[in-house]
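Colleague: Sequence:
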Amino acid sequence: MKANVIANFELEKEDVKAIKKYCIDEDITMEKLAGRLGISRQFLNDVVNGKGKVSLKLYRRMAKLGIFEISKGITLIMKELKN
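The sequence shown maps to residues 1 to 83 in this note's numbering.
The calculated DSSO-like cross-link candidates involving lysine-lysine, where the alpha carbons are at most 30 Å apart (straight line), are:
no., residue 1, residue 2
1, Lys17, Lys32
2, Lys51, Lys32
3, Lys17, Lys57
4, Lys21, Lys53
5, Lys21, Lys64
6, Lys32, Lys20
7, Lys13, Lys53
8, Lys57, Lys13
Label-pair distances were calculated between CB atoms; the ranges are:
no., residue 1, residue 2, range
9, Lys64, Lys20, 16 to 22 Å
10, Arg41, Lys21, 16 to 22 Å
11, Glu14, Asp46, 16 to 22 Å
12, Asp27, Lys53, 27 to 33 Å
13, Arg41, Glu10, 17 to 23 Å
14, Phe43, Lys17, 17 to 23 Å
15, Asp27, Ser55, 24 to 30 Å
16, Ala63, Lys32, 16 to 22 Å
FYI, nobody ran anything at the bench for these hints, they're computed from the structure. C-beta: ideal position from N, C-alpha, C; glycine also.
Model the full structure from these sequences, guided by the hints.
Modeller: Take a look at the structure:
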């Protein structure tokens, strides 16, 4: 039997800083980053402003782009699952 765990969690302040730094380093706008991630600009703004939560799938997409490390995300998810 296969169990699917859907974990939605808010990003830490360091993750939000990493997203903004990625946009500056890559010289792209938040709209363009949202397009690369396959999400709407409004949803990305909500996540960055602390109003939205990200799924594990979206967190993995961000890690693949090189925004931050996936190992840090796994630690956050484990913390969230314990609560």
